[in-house]
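Engineer: My request is simple: use the sequences and hints to build the entire structure.
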Amino acid sequence: MTLLGQFTLWAALLIALWTAGLAFFAPWQQRPALATSVTRGAYAACFALLVAAFALWRGIFTHDFNIEYVASYTARNLPEYYLITAFWAGQKGSLLFWVVVLSIFGALAQALTSQRHRDLLPYVAGVTSTVLVFFLGVMLFGDGANPFERLSFTPPDGRGLNPQLQNPGMIAHPPTLYLGYISITIPFAFAIAALLARRLDTGWIIAMRKWALASWLFLSIGITIGMWWAYVELGWGGVWAWDPVENASLHPWLTLTAFLHSVMIQEKRGMLKRWNVGLVIGTFLLSIFGTLITRSGAIASVHSFTQSDIGYFFLGFLLVSGILSFTLLYTRWPDLEPDAQLESLVSREAAFLFNNLALVGIAFSVLWGTLFPILSEAVQGTKITVGPAFFNRVNVPLGLFLLFLTGVGPLIAWRKASIANLRRQFIAPAVGALVTGTALFALGLRGFYPLMALALAAFALVTVAQEFGRGVRARMRLHNEHAVLALSRLIGRNRRRYGGYIVHVGIVCYFVAFTGMAFKTEKTVELNPLERTTICSPYGYDYTLTHQGVSQYAALNRQVSAATLDVVRDGVRVGTIKSEKRQHVDSFGNPTFEPSTEVGIRSNLREDLYVVYAGSPDGTERAQYKIVVNPLVAWFWIGGGVLALGGILAMWPGGPQIRTARHRIEPQAGYHVPLSAVAQR
Amino acid sequence: MKPGAKFAIGAAVIVGCVSLLIVEGVRQTGTYFLTPTQLVERVRTDSTFHDVGLKVSAKVVKGSIVRDRAAQRIDFKVSDGGAGFPVTYVGLVPDTFTDANDIDVVVEGKFGRDGVFHATDVIAKCGSRYEAVWEEPTKTLTQR
Chain S
1 MTLLGQFTLW AALLIALWTA GLAFFAPWQQ RPALATSVTR GAYAACFALL VAAFALWRGI
61 FTHDFNIEYV ASYTARNLPE YYLITAFWAG QKGSLLFWVV VLSIFGALAQ ALTSQRHRDL
121 LPYVAGVTST VLVFFLGVML FGDGANPFER LSFTPPDGRG LNPQLQNPGM IAHPPTLYLG
181 YISITIPFAF AIAALLARRL DTGWIIAMRK WALASWLFLS IGITIGMWWA YVELGWGGVW
241 AWDPVENASL HPWLTLTAFL HSVMIQEKRG MLKRWNVGLV IGTFLLSIFG TLITRSGAIA
301 SVHSFTQSDI GYFFLGFLLV SGILSFTLLY TRWPDLEPDA QLESLVSREA AFLFNNLALV
361 GIAFSVLWGT LFPILSEAVQ GTKITVGPAF FNRVNVPLGL FLLFLTGVGP LIAWRKASIA
421 NLRRQFIAPA VGALVTGTAL FALGLRGFYP LMALALAAFA LVTVAQEFGR GVRARMRLHN
481 EHAVLALSRL IGRNRRRYGG YIVHVGIVCY FVAFTGMAFK TEKTVELNPL ERTTICSPYG
541 YDYTLTHQGV SQYAALNRQV SAATLDVVRD GVRVGTIKSE KRQHVDSFGN PTFEPSTEVG
601 IRSNLREDLY VVYAGSPDGT ERAQYKIVVN PLVAWFWIGG GVLALGGILA MWPGGPQIRT
661 ARHRIEPQAG YHVPLSAVAQ R
Chain L
1 MKPGAKFAIG AAVIVGCVSL LIVEGVRQTG TYFLTPTQLV ERVRTDSTFH DVGLKVSAKV
61 VKGSIVRDRA AQRIDFKVSD GGAGFPVTYV GLVPDTFTDA NDIDVVVEGK FGRDGVFHAT
121 DVIAKCGSRY EAVWEEPTKT LTQR
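Chains S and L, in that order, are what the protein sequence lines are. So for the first sequence, the numbering used here puts the first residue at 1; every next one is plus one. So for the second sequence, the numbering used here puts the first residue at 1; every next one is plus one.
Please keep in mind that the hints were generated in silico from the structure rather than gathered at the bench. Everything numeric in this text was worked out from a predicted model, so none of it was measured. Ideal Cβ placement from N, Cα and C applies to all residues, glycine included. Possibly wrong hints are sitting among the right ones.
Among chain S residues calculated to face chain L with C-beta under 7 Å, some are [claimed, not checked]:
#1 Ser344
#2 Leu345
#3 Leu357
#4 Gly361
#5 Ser365
#6 Lys383
#7 Thr385
#8 Val386
#9 Val394
#10 Thr436
#11 Phe448
#12 Ala614
#13 Pro617
Calculated cross-link-like contacts (lysine to any residue; reagent style SDA-like; alpha-carbon spacing at most 20 Å) [unchecked claim]:
#14 Lys6(L) - Ser344(S)
#15 Lys2(L) - Pro338(S)
#16 Lys416(S) - Glu24(L)
#17 Lys520(S) - Thr534(S)
#18 Lys383(S) - Lys6(L)
#19 Lys383(S) - Glu41(L)
#20 Lys523(S) - Gln164(S)
#21 Lys59(L) - Glu108(L)
#22 Lys416(S) - Gly270(S)
#23 Lys578(S) - Lys268(S)
#24 Lys578(S) - Pro338(S)
#25 Lys62(L) - Asp99(L)
#26 Lys383(S) - Arg27(L)
#27 Lys268(S) - Gly409(S)
#28 Lys520(S) - Arg602(S)
#29 Lys383(S) - Arg44(L)
#30 Lys383(S) - Val106(L)
#31 Lys416(S) - Lys2(L)
#32 Lys383(S) - Glu24(L)
#33 Lys110(L) - Ile9(L)
#34 Lys520(S) - Tyr539(S)
#35 Lys383(S) - Gly84(L)
#36 Lys383(S) - Lys2(L)
#37 Lys523(S) - Gln72(L)
#38 Lys383(S) - Ile123(L)
#39 Lys110(L) - Pro388(S)
#40 Lys77(L) - Glu24(L)
Structural biologist: What follows is the structure in structure tokens.
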């Protein structure tokens, strides 16, 4: 199988080289057969890499421990579903996963893009193939980056998968995040293709818009699942630690969020063309930078792979692609003249511009903080690090500004908002924010930032509710429809717009959850069996926890010590909560890896009771516990679900809004028909 | 004034705020990240280093871990081969913090004038033995 794997990697490399060469240097504009050949090159590379993926999975599933990768990340007693995920558990396998997915996306971009953009497609294939050549080159020529390397002997059993990766979150988190990272290549490829072909009208934007949205959605979901995994598996009681690798996934997310907003200004008003191209290029470079951080070990992080020299490959690639892309953008500068100018500071254009600045500002500050150890060491000779305190200080005010704009953006008029428009749109949201803020203050909530955050959350939610309410009422009046039908048609016919609003609701949930994190309370205790401890939650509940003792037993691939607490809230028993210490063993019963912890969580919409069994140092049933009350954590996961729903809705293909010309220009009681919907035909 | 110019002012305000937040943030929350050798050297020349928060990356000296269970306190020594000093910490340490093998730690806290590092946080990095290179078993047999 490794022979097949090696062969297909080389074949894919040669095919990708050929495709890229043809796309950039052959006169396919004059000879359609050449263009077809480029497209087929993208399909062929995809096929070759699918075979390579099959080869590695086969090695994993047949327990071929002669393959170094299989021996390093799996074992005979590893549950089967983790055999699937072992594919991307290590550096080498995840590189293979990367190229496979990139080639699939590259092929899909060829297959799914409308023929109207065919003068872009060969260039798109050229860019995706070039990126593919780079990653395949790293695998084939980098040190220890090829998953098909064999050992000189066959070990009797593998080392098994790191227990922290044996968690359901880890099945979904890496691939989703990778899908986000990788799919950014496609919008980037369209941007470069448009620059090369000098086709710089909104055509390329329409061709890649859904790809950008898909990348954004994958990144969002991947990050959220990662937060969930950190919360349930790492046992420190939080979801986000501002670790370099976490930050690395946030950078492209932020710039892509900025792009999804500013692109509307380009579609509607023909402005910000240069900025948009710059954002797409920047997002791609940040995704490569994230890969560099994760894989090079240049910055210490708990999530990174083993240190290896492939970091230099990525650094080189980052520099070369950055220089080439921005040089290309510079040569096309005159072609990207804006069609219109900003007319007023009180307009949707301006709101979106500020939103872009805030998002890019956050991205920059996070990048600065992430790189600060390296920068300070280079400049001053002493390493200085910044931690969560820095990131919170900088980003909480910026985040609140952004939350405010989340409310303003959807309502304010294009071009120039009149006083009447402002009054009509903003009275209800402003009242909502004031009432919420006052009510929370009266209920005893203190602190400027939390009060602001929750008041602005109410502001943004009321704007969305008002938009839905007005849209539904307009339809009911115009078309005599029932409210439910009106709502579903309203969404169905303006999916992008109302999907976007639903995403805003999801984002507001995240803000609410982050605000809750400011009120977490925790304590560490050591308890004898039947000894009790109490902890007071931020809502004023008193939890009384009674240690029930420690039980020990063997499970599939581990020895488990489970400690149980009986939970009584304000005198009412609510159940038990169990946390485990696990020692994983190989199939001969020998311990593998360090012991790991399984936290116990009792969750509801208001707060989570979160218990970590930290061990029994003297070997008796006397147990050390860390007990945390985390308010509002559940809203992260709810927000993630809402966001995914809105994103999928906005992306859903086809639909009645583009069925006939008559439908497209159907008047919507003061609701603009997006120009893009017309332009799409 | 033209809207473009107004926007430029608004943009400048935002950029200025971001820069100010970053500079102030670094100034007030930045922490030195040193090796024991660097720290001992620094402290000798500049005693204010006793008063600022620091992070030190080092190895735990094997066999030096003493746990005081009643006070939940852990004392141990760290070293980077060149210099070293004792560390004291109250709280829970991660699973990977054991005497079993060489462990790398990052301790955060203050280096007191008593020569003891008073840690507020201890992060243990995973032992590297699982990433060890595969070695052919026959080789080790013949060596014996």
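Engineer: Broken hints, numbered, in rising order?
Structural biologist: As far as the earlier hints go, 10, 11, 16, 18, 20, 23, 24, 33, 36 and 40 are violated by this structure, in ascending order.
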